[in-house]
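In order, the protein sequence lines correspond to chains A and B. What the first sequence shows, in the working numbering, is residues 5 to 142, in sequence order. What the second sequence shows, in the working numbering, is residues -13 to 226, in sequence order.
Be careful, since some hints might not be right.
[To be verified] According to the in silico footprint, chain B covers these stretches of chain A (three or more CB under 8 Å from chain B):
| # | stretch |
| --- | --- |
| 1 | 11 to 24 |
| 2 | 28 to 40 |
| 3 | 47 to 60 |
| 4 | 93 to 107 |
Source of the hints: derived by calculation from the structure; they are not laboratory data. On a predicted model such as this, the values are computed, not experimentally measured, just so you know. All residues carry an ideal CB built from backbone N, CA and C; glycine is no exception.
These are the residues of each chain, in order.
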Amino acid sequence: MATTTAAVTLTSDLLSDNMSVSASTTCMKAGTTADGLDQMEYAYVNLVTGDEYDLIAATPTASKASKLYLKNHSIDETYFVAITQGTQAIGKLYAGDWMFIPADFHDAAGEIAITANGGTNKICYALFHEGITLNASA
Amino acid sequence: MATTTATITLSSTDLLSDELALSTTATLTTAGTATGVTQASGLSRKTTSAAAAAAIQANVLYRAGDYLANGANKVYIKNTSTTVAEFYTVVIDQEVIGRLYAGDWMFMPWIATSGTKALFTATIDATWAVGDTWEFDGITMTAASAGDTPVAIMAQIDALNYPNWTTTYVATEATIIFTARYASDATEVVYATADSTTDTAGDGTMVISGAAAGTASESDITIRPSVHTDMTYETMLIHQ
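So here's chain A without its partners, still in its complex pose (with noise of 0.2 Å):
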């Protein structure tokens, strides 16, 4: 069984007492301790402004415990990528920026897209999944 650990760990001087928030998974297949995910995809891009791009080509398994991995290591801090997931907008990922959620990729408009704006980003993600699906060639 492979073993992928994520671990966060958040710190601040914003409140009155030092906040430091720290917690780790091993990413499982869904519903499960004995099987972890075994498949992972891995890429680094340059967004020119305005482009938009389908971060997975294939279909992961709906509804199972995928994890996404992402981050914009753009140096200028204008410079952002704007996250959909199918027409829904979900947040504005800045240079410097990373974020780790479940994919439920439930179904086509549950792709994940992201579009550069202020500049050319340099994206990088990982997809840690249990299987997937191939699109057909056009």
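We have chain A; now place chain B onto it with these hints.
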């Protein structure tokens, strides 16, 4: 300036032929600047449960209308359950983001795009006697003195706290604008009109002189537990 950082470490020694060891830290700043974010909800923890599976309801974590739209907001959610089959389904507006299984966490940007809020204008007229009342949203304004002028009555109405509405009032005027606290559809205006009741001994009046429908919020974040028995989540919002 406050400094808030988010660090992620992804590691595996056996997923690939080569070891996976990825670690990166983001310093969270406001949109398009190098200035650190200045607001946070703080870490909160809540246990969800329902009487039966059929009674499971979604929990609203964050309402978009309460936060700055298009900011560099970040949401952290963790399912603290230890029962492996239990999960929370995370939804933004009507779109399922994914399932957080036991022990899983997520950290994502949030656009916080709200809809528009319903509003209506109330106009008061004539003479109010001491003890006359106007009730709305479960709150009752009672005229403080005999012969109160419309302006004086409006000041009293504006000074009250309404659970579902805010007020905009310009002193010396006999009108007041009520704005819903949350974006919603048009039916709320109808409800608001019906909910307003006046009880005067004299000829005092309060009429709804104008109204505008709202539209539903576009990015509220909700989660729905997979089981009706106790499940617990933790969450925090860092925002502009």
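Hints, one by one, checked against the model:
Look at the stretch 11 to 24 of chain A against chain B: 10 of its residues bring a Cβ nearer than 8 Å to a Cβ of that chain, three or more, so the hint holds. Coverage of the stretch 28 to 40 of chain A by chain B holds. Counting CB-CB distances below 8 Å, 8 residues qualify, and the rule asks for three or more. Residues of the stretch 47 to 60 of chain A lying with their CB closer than 8 Å to a CB of chain B number 0, which falls below the three-residue condition for coverage. A count of 14 residues in the stretch 93 to 107 of chain A with a Cβ less than 8 Å from any Cβ of chain B is obtained; the coverage claim is therefore met, three being the minimum.
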